[in-house]
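*Asks:* Residues per chain, in single letters:
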Amino acid sequence: MAAPVAARALRAVPWRCAHPALSARHDLHTTPACLKTRAARVRVGKGDKPVTYEKAHAPHYIAHRKGWLSLHTGNLDGEAGAAERTVEDVFLRKFLYGTFPGCLANEVVLKRRANLLVVCLVLVQNLAPSKLYFLIGYTETLLSHFYKCPVRLEVQTVPTKVIYKYL
Amino acid sequence: MAAITGQLLAGAGYWTALSRCCRGAAVGLFSGAAAYSSVPSVSRRGGKQREASTRRTGRTSQFIRSHASPRTERMAVDQDWSSVYPTAAAFKPASVPLPIRMGYPVKRGVPLPKEGNLELIKIPNFLHLTPPAIKKHCAALKDFCTEWPGALDSDEKCEQHFPIEIETVDYVSAGTSIRNPKARVVTLRVKLSNLNLDDHAKKKLIKLVGERHCKDTDMLTITMDRCPLRRQNYDYGIHLLTVLYHESWKTEMWENEKTEEDMEEYIWENSCSQKNALDILLRIKASENVSNVTKEELLVSEVVKNYRNSVVALKNEGETENNMSQYKESVKKLLNIQALP
Chain Z
1 MAAPVAARAL RAVPWRCAHP ALSARHDLHT TPACLKTRAA RVRVGKGDKP
51 VTYEKAHAPH YIAHRKGWLS LHTGNLDGEA GAAERTVEDV FLRKFLYGTF
101 PGCLANEVVL KRRANLLVVC LVLVQNLAPS KLYFLIGYTE TLLSHFYKCP
151 VRLEVQTVPT KVIYKYL
Chain Y
1 MAAITGQLLA GAGYWTALSR CCRGAAVGLF SGAAAYSSVP SVSRRGGKQR
51 EASTRRTGRT SQFIRSHASP RTERMAVDQD WSSVYPTAAA FKPASVPLPI
101 RMGYPVKRGV PLPKEGNLEL IKIPNFLHLT PPAIKKHCAA LKDFCTEWPG
151 ALDSDEKCEQ HFPIEIETVD YVSAGTSIRN PKARVVTLRV KLSNLNLDDH
201 AKKKLIKLVG ERHCKDTDML TITMDRCPLR RQNYDYGIHL LTVLYHESWK
251 TEMWENEKTE EDMEEYIWEN SCSQKNALDI LLRIKASENV SNVTKEELLV
301 SEVVKNYRNS VVALKNEGET ENNMSQYKES VKKLLNIQAL P
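Protein chains in written order, with this note's numbering: chain Z, 1 to 167; chain Y, 1 to 341.
FYI, nobody ran anything at the bench for these hints, they're computed from the structure. What you are looking at is a predicted structure, and each value in this text was computed from that prediction instead of being measured. Heads up, some of the hints might be wrong.
Think about it this way: if two alpha-carbon atoms lie no more than 27 Å apart in a straight line, the pair counts; the simulated DSS-like pairs of lysine-lysine are [to be verified]:
#1 148(Z) to 161(Z)
#2 285(Y) to 295(Y)
#3 107(Y) to 66(Z)
#4 107(Y) to 46(Z)
#5 131(Z) to 66(Z)
#6 55(Z) to 107(Y)
#7 328(Y) to 285(Y)
#8 55(Z) to 114(Y)
#9 114(Y) to 66(Z)
#10 165(Z) to 114(Y)
#11 114(Y) to 161(Z)
Go ahead and model the full structure; you've got the sequences and the hints to work with.
*Replies:* Structure below.
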């Protein structure tokens with residue numbers, strides 16, 4: 001990691017002290033790799049990797065075979081607040097991933113209805129029901145106080161993850 | 001188990017060993033049975049870890065699944081659906097007694113079933129808005145509604161009593177803030193025929209407002225958005241209308257410098273068209289050696305009146321078939337040329 005960074009830095013700094021005649025800068029402008037053809041795609045393997053419907057479909061299937069995981073008015077024409085909603089979404093997903101360890105069967109679906117935030121979870125039946133109820137109540141209360149809006153959790157439990165196919 | 005029995009027999013007495021062996025065997029049998037029953041038909045692939053985890057999930061899911069049949073199996077056909085879905089909620093497969101499948105199927109397969117189906121959860125559903133539910137909503141809201149006044153039963157009556165229309169827009173969006181800067185815009189609409197204006201005042205008002213007046217509908221539309229609050233914009237709009245009305249009734253000194261270019265419509269009297277027409281007629285009469293006719297007589301005569309009407313129509317209304325043919329006839333009569341078709 002250090003070597004390429006150092007190499008890039010060396011290339012950026014012109015060595016005027018060594019050769020005053022060759023004062024042309026040979027900088028290389030690099031950007032972080034986008035990897036657009038590998039984004040959100042599970043690579044095909046031997047056929048033993050179980051994959052959910054959400055993971056099995058690549059991003060170009062959104063609006064064709066997949067719906068949206070987060071619904072709000074921020075992305076409509078002439079509406080404001082898209083960035084704020086997105087930042088909230090990122091935090092919510094990370095928070096829920098940590099609060100329900102190993103229980104999330106699929107991605108979290110977030111719906112906003114005026115002020116209300118509805119979080120739809122699909123959980124695997126890993127925890128005892130009492131623990132689950134506590135976590136749901138804890139999440140709702142904490143998030144309501146944090147975002148100053150009513151937060152409702154709609155939880156569905158499944159015995160195992162719903163497998164779409166094996167890749 | 002055979003090896004243990006052998007050892008015991010060798011070590012201790014036969015009966016004690018047998019009893020111990022039997023106890024051991026009995027315990028072993030029970031635990032074995034329990035072990036077999038607690039782990040459901042899960043394939044025994046993988047190492048110890050996988051086995052341990054499946055055994056754990058098997059035990060906890062047994063707790064949850066013991067008496068849990070989904071609610072759909074106990075629903076009556078004529079139940080009250082608005083109590084199952086009283087408000088907007090995500091799709092709950094255990095509460096909706098329909099065999100729905102959703103998703104793009106794998107090859108030679110079917111779409112995924114509704115249990116744990118994220119696609120069904122993602123989409124908004126209207127299970128809470130069945131017609132009986134909407135009827136209940138309306139019945140509950142009726143108490144808060146007031147009757148429409150019976151005297152205002154037609155559009156004309158509404159316009160007669162309330163000539164000024166105010167339009168405001170409220171915006172609803174999803175998020176923690178209710179503020180929307182577009183909500184401060186107020187539009188004021190009024191028909192000029194409803195205002196008490198004489199000819200000069202109306203022309204002056206139209207000149208003052210410019211584009212905001214629509215000729216076809218005679219509607220004056222003012223849009224106010226320069227103040228930050230809706231109330232302020234409304235007050236400003238009413239103030240603006242008052243000022244326009246009073247200003248249009250006043251006649252300033254510089255208004256008598258109005259030239260022909262400023263006129264809104266074509267006036268034939270004292271125009272070059274009138275001058276030219278009278279000039280031509282006088283010359284015709286002079287060449288025919290008729291007795292001196294005066295301008296006033298000419299103006300009053302039928303042909304000149306016809307010509308005047310057709311020219312005014314052409315200039316004010318534009319060129320239509322009717323107008324052009326009328327002009328043609330009037331010119332022919334004026335110059336006394338009947339031969340041309």
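*Asks:* Hint by hint, note whether the structure agrees.
*Replies:* Quick rundown of the hints versus the structure:
As the CA atoms of residue 148(Z) and residue 161(Z) are separated by approximately 33 Å, the hinted pair breaks the 27 Å bound. Restraint check: the Cα-Cα separation between residue 285(Y) and residue 295(Y) comes to about 12 Å, which is no more than 27 Å; the hinted pair holds. With a CA separation close to 17 Å, the supplied pair residue 107(Y) and residue 66(Z) stays within the 27 Å bound. This hinted pair checks out: residue 107(Y) and residue 46(Z) have alpha carbons roughly 18 Å apart, not beyond 27 Å.
A C-alpha spacing of about 32 Å is found between residue 131(Z) and residue 66(Z), which places the hinted pair above 27 Å, so the restraint is violated. Note on residue 55(Z) and residue 107(Y): the hinted pairing holds, with a Cα-Cα distance of about 17 Å set against a maximum of 27 Å. Distance hint between residue 328(Y) and residue 285(Y) is fulfilled; the C-alpha atoms sit about 21 Å from each other, no more than 27 Å. Restraint check for residue 55(Z) and residue 114(Y): satisfied, since their Cα atoms lie roughly 18 Å apart, inside the 27 Å limit.
Under the criterion of a C-alpha separation no larger than 27 Å, the hint pairing residue 114(Y) with residue 66(Z) is consistent with the structure, at around 15 Å. Of the pairs offered as hints, the one joining residue 165(Z) and residue 114(Y) holds, with about 16 Å between alpha carbons and a cut-off of 27 Å not exceeded. For the suggested pair residue 114(Y) and residue 161(Z), the alpha carbons sit about 13 Å apart, so the restraint of at most 27 Å is met.
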